[in-house]
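Asker: In case you want the letters, here they are:
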Amino acid sequence: MADQFVGDPITPVAPTTPEDADLAALTAKSVPERLAYWRAQMDRCIRCYACRNACPLCVCRDHCIAQSREPHWMTQEDTATEKFFFQLVHAMHLAGRCTECGECQRACPMGIPILTLKKHLNGTIRDLFDYQAGVDPQAIPPLLQFKVEEANINERGW
Amino acid sequence: MATVKYISHEKLPQWLAALAAERRLLVPVASGDGSVVFRPFDPARRPVLDGDATAPPKAAIFPACQELFRYEQTKDPENPEHTTMQLLPDPKAVPTVVFGARPCGVRGFLIFDRVYLGQKFPDPYYAAAREATVFVTMACKTVENTCFCHWVGGGPSDPAGSDVLCTPVDGGYLVEAVSDKGAPLLANPLLEDGEAKVAEADAVKGRRPRGPGRRPGHRECPGGPAGRLRRCGLLARHVGKMHQLRGLHLPVPDLLLFHHHRRTIRTFRPTPSLLGCLHALPVHHGGVGTQSPADQGPPPENRVGHKFSYYPSLHEGLVACCGCGRCIKSCPVSVDIREIVQQAVARAKA
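Chains as they are written, first to last, in my numbering: chain A, 1 to 158; chain B, 159 to 508.
What you were told as hints is all true, and nothing was included just to trick you.
Derived coverage of chain B by chain A (criterion: at least 3 residues anywhere in the stretch with Cβ under 8 Å from a Cβ of chain A; other residues may be distant): (1) 186-194; (2) 221-228.
Cβ pair distances, simulated, as ranges: (3) R272/B x T99/A: 46 to 56 Å; (4) K29/A x A176/B: 32 to 42 Å; (5) E168/B x V135/A: 53 to 63 Å.
Everything labelled a hint here was simulated from the structure, so no lab data went into it.
Predicted model only: the values in this text are computed from it and were never measured.
For glycine and all other residues, C-beta sits at the position ideal for the given N, C-alpha and C.
Same shape as in the complex, but just chain A:
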């Protein structure tokens, strides 16, 4: 997807390991195991917000919850809970918009696999709305539109 393409197209090369191997490994764990995994990962987060700042789709700019004092969504405590809270909010904000460029994970100086969170939510969006961000410029992201009846969400069938 480009307005003007320079040079020769590169032939896609199949990755040596499946692209979603990290996500598969994580979803194979039980919920308590997953929570323990993320707590251990977030424990070394230094809250530099390089992940947020490198993200091309992060749009809150100077209204980011990480810095807002009114309302004071997050404390500045150096705890895994606070760090994970931010990452979950960040991932939720990007649900249906994240193109999985991986800049957040590459920018992380502590090597925290935060792209996995985005992959998980993208999978949910794909299953629910049959939508993949960054593929069709004409398609409207599902969370930016409203349908009275969603095809894959049974809201009134109970």
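Please arrange chain B on chain A, whose structure you already have, making use of the hints.
Answerer: Just chain B, lined up with the frame of chain A:
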């Protein structure tokens, strides 16, 4: 008691276990995806001693977040509207040994010391933690291409700031007490006399780091590099790269800006936080605008200027950077602070 000892690789875990039995022992351990961080000693996790940790041991003395005091409010039963408040400060520190830091990371505390152990406003929390903590550092056998400790007065085996210095030799480490605080750690019978290894250790220490050559002195640049950077717009090119990646000063061992914030749970707990450096107020004090993501102003100017200009001008030329190179290694857009300083000095001379 000899102050030069030797410990073999085989006996090292036992020594660490003995240290951990007496006090909190922080060691560098792998923490997933190649990261190495300082964590309490766990016999099941092998310490990573062959390179510098991803994050420095700064939190041992100067945690990112710390409770300063609690308070109690008491009502007067005769006059319920009248309450008294009692502050309950708790500056006690946990006796700690930090094992396996590199000399540069520990040298960073000498920069903190001038601020937090100063005559005018000594910080009791910092002082207590400093007194209660012993640093056992590992001299570097190899030097990475991001290292520039020799620029800022240090070196791969610089003992400044360390209490015990370990130098890798064949089969183990030569262990030297550098300070009075460190000497008792060598009393453990697991450590043998190290006189026979001194020459070998001296050879390791004598290796000079390869790097970008002599550091340009801050005095070579009229007004200091920061002033020159501001005037000539030199930083604009670097800011273009790093405009959104302002938080990467957090991994460095010698950053000392912080501010207090409030949190209310059961008690009022003012806590200093290193994250204060990211917020608008201290940056406004620096006169360079806000640091919100929307304003891609020049926070690096403050960062470079503070380390290489403002601090040296206040502290007898001492550069507020330990040259660990973490900022270079961690930077996702390859900003090199050495290049900025060198270019500023070159421009000043031109």
